[in-house]
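Chain by chain, the residues run as shown.
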Amino acid sequence: MTYSPLLLAGAASLALTAPLKAQDLTAEVFSSWTSGGELKALDAIKSEFEARGGTWENASVAGFENANAAFQNRIMAGDPPAVKQLIVGQDPLEFIEAGLMTPVTDVAEAGHWADVIPASILESITYDGEIYLTPVGIHGESWMFYSMPAFEKAGIDGEPESWDEFFADMDALKAAGITPIAWGGQSWQEAKVFNMVLLTQVGLDGFMKIFVDKDADVLSSEGVKSTLEIVAKMRGYVDEGAPGRNWNDATAMVIEGTAGVQFMGDWAKGEFTNAGLTPEVDFGCAMAPSTPGMIYIGDAFGYPKLEGAEAAQKLMAEVVMDPKVQVEFSLNKGSMPIRTDVDKSQFDVCTQKGLAMLEAGTIVPEHAITITPEQVGLLTDFVGEFFNTPDADIDEAMEQFAEVFE
Amino acid sequence: MARRQKKSFMPALAILPTWLTVVVVYIGAMVWTLNLSFTKSKLFPSGAYVGFDQYERLLGSSKWIKAVSNLATFGVLYVLGCLVIGFCLAAALDRKVRFENAFRTLFLYPYAMSFVVTGLVWQWLMNPVLGVQATMQGLGWESFSFDLLTSRDYAIYGVVIAGLWQGSGLVMVMMLAGMRGIDVEQWRAARVDGIPAWRVYVSIILPQLGPPLAAVATLLTMGVIKTYDLVIAITNGGPGTATEVPAKFIMDNLFQRQNLGLATAAAIMLLMSVVIIVAPFRYASYIRAKRKAGVL
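As they're listed, the protein sequences go chains A and B.
Position 135 of the first sequence, counted from 1, bears residue number 135 in our numbering, the numbering being contiguous throughout.
For our numbering, add 406 to where a residue sits in the second sequence, where the first one is 1.
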């Protein structure tokens, strides 16, 4: 077999140039974002990515856990997507430790991310000195949304400043024939309520000591006990339809004014605004009573090792961290941009409250960021069992809570 | 000679793919699972062996214990309930009622549905603020209560009810087919003797329905072990962990909780329990077959 040298050279140059033009910037983006606002948010990234010459292939699986399972199967089969939507912190840790992810440290250094990202978030995307994730937005999780008409009807003026005031208000709602708390009776939602109460009882430091240091003293402190007591007291203020209720069904109760308050992350705000309600007019957004800060969860993208996708991954990392993209993304998803140097004027009253906390640094990461997926599961089980066992013993529950962190 | 060899070679070749599937997929996967259950694998399979640690953790987990006891409760009530209800429905249709075809279709209809649909329908029906309870109370029956799913103690019975609704139709069809195969002369004889109909069904018909009964019981039992989608759709394991089942425990640990070691240990435990239940039956039928062959 003989080929002419010219033909060979031609073929070689073709092979070198052709893929660089288009194919190298093709990225399959794997996410669990499929609902209206989420899709619009993803589109903000997509259109900028395409404007810069990339080709976007959408691979979405509805439901965070379903998407994760599908992704695990693909990465283990050696066929990962170029980009995967993740949560900052412990979620992608095993993939990174197994050497299946590509770091984007060079992009981070070129873009001076360290100057524009809050330190605690930078820390949660750095593993062994290398940056692996590009954070795109953070959600505040410790919100208390309430129905203004329901509060008016029950004669409540103003947001409760303490848990005592809160329960007094709940009694007033009950007396007015309104379900006090729109409770989403699924364990993951109950765990979020538990966390917000915990933050008000043990403070920012105590919260970090529990979830990061697993500090035995804090785990057995009065703060944990009063947290359990407050959560236990909430059992008396939910309706009988609560078990198994979806968070958006609970939000609908507050929207209709048949329930007073809902504890949920800021994604619930989208339901209110989609229903045509205006913040601080039709519904109020407050943090959990007497809270010293806000619990957050961060959306990010990670980059599985995939031959030939490096250029596209680099481009994606740059696009995700673009200030304009971050604002556009967050406006649609109801989150807050990670970058501190962006134009915040377009965000509504509620997001402004969250942004203030973000800037003040009074934020703590959610458990999914700080503890392993297995511990997250154990915590969720624990809170679900505790809330749904009316005669649960507080001291026993304290021991069970501490066992989660062993 | 060569011809005979070829003759016995061809069937072996034809069955080879099936054999390979059985050996590689079933047995291979089983061995692999067993192997993983002795490691401390998290998200990825790992070679770090820890002996029976995962089994110890499993048995110390209140959630697993709950899952197994739920499976037992659900299994017994579901299989027995389906058999009883299905047999009664079949007997009722066997009385040559009018519109038999319509009823038969109606009763079998739930079986054509996926467990997810069944689960959702019953979740709504049993929701105290949306379903039957709200409707009855709205009609004026204030004290009416149908809220099994909201209670930790009773939620599993709610799951059983949905399962019965789905499974009874299958039993009915199989029983009805069996009844139609029974000689009408027996009925005439019973009528001559003046035996009441229910007595004929219990003492004469039922004993003759052994084979279809065994077949349908096996089908239902296999369904019980696999129970996953029904629970996911109705309660997702809640309230708390009240309706947890082993299959869900395994799936949760495989993916969401990234704990392969514990999940495979649970899978092996489930396999062992199936073997323990099925083995005596297999042994009994083997002995029976042998005896039969001996007699013949």
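Rather than coming from a laboratory, the hints here were simulated on the basis of the structure.
Ideal Cβ positions, reconstructed from N, Cα and C, are used throughout, including at glycine.
Among the hints, a few may not be true.
To be verified - In silico EDC-like links for lysine to aspartate or glutamate, alpha-carbon gap of 20 Å or less: (1) B:Lys448 - A:Glu94; (2) B:Lys446 - B:Glu462; (3) B:Lys446 - A:Glu374; (4) A:Lys40 - A:Asp348; (5) B:Lys446 - A:Asp282; (6) A:Lys46 - A:Glu328; (7) A:Lys225 - A:Asp395; (8) B:Lys448 - A:Glu50; (9) A:Lys153 - A:Asp282; (10) B:Lys448 - A:Asp164; (11) A:Lys225 - A:Asp282; (12) B:Lys448 - A:Glu97; (13) B:Lys446 - A:Glu406; (14) B:Lys448 - A:Glu65; (15) A:Lys225 - A:Asp391; (16) A:Lys40 - A:Glu50; (17) B:Lys446 - A:Glu94.
Claimed, not checked - Partial selection, computed: residues in chain A whose CB lies under 8 Å from chain B: (18) Pro243; (19) Asn246; (20) Glu385; (21) Asp393.
Hints versus structure:
no.: 1; hint: B:Lys448 - A:Glu94; verdict: 8 Å, holds
no.: 2; hint: B:Lys446 - B:Glu462; verdict: 12 Å, holds
no.: 3; hint: B:Lys446 - A:Glu374; verdict: 13 Å, holds
no.: 4; hint: A:Lys40 - A:Asp348; verdict: 18 Å, holds
no.: 5; hint: B:Lys446 - A:Asp282; verdict: 52 Å, violated
no.: 6; hint: A:Lys46 - A:Glu328; verdict: 11 Å, holds
no.: 7; hint: A:Lys225 - A:Asp395; verdict: 8 Å, holds
no.: 8; hint: B:Lys448 - A:Glu50; verdict: 37 Å, violated
no.: 9; hint: A:Lys153 - A:Asp282; verdict: 13 Å, holds
no.: 10; hint: B:Lys448 - A:Asp164; verdict: 43 Å, violated
no.: 11; hint: A:Lys225 - A:Asp282; verdict: 35 Å, violated
no.: 12; hint: B:Lys448 - A:Glu97; verdict: 12 Å, holds
no.: 13; hint: B:Lys446 - A:Glu406; verdict: 16 Å, holds
no.: 14; hint: B:Lys448 - A:Glu65; verdict: 16 Å, holds
no.: 15; hint: A:Lys225 - A:Asp391; verdict: 15 Å, holds
no.: 16; hint: A:Lys40 - A:Glu50; verdict: 15 Å, holds
no.: 17; hint: B:Lys446 - A:Glu94; verdict: 14 Å, holds
no.: 18; hint: Pro243; verdict: 4 Å, holds
no.: 19; hint: Asn246; verdict: 10 Å, violated
no.: 20; hint: Glu385; verdict: 4 Å, holds
no.: 21; hint: Asp393; verdict: 15 Å, violated
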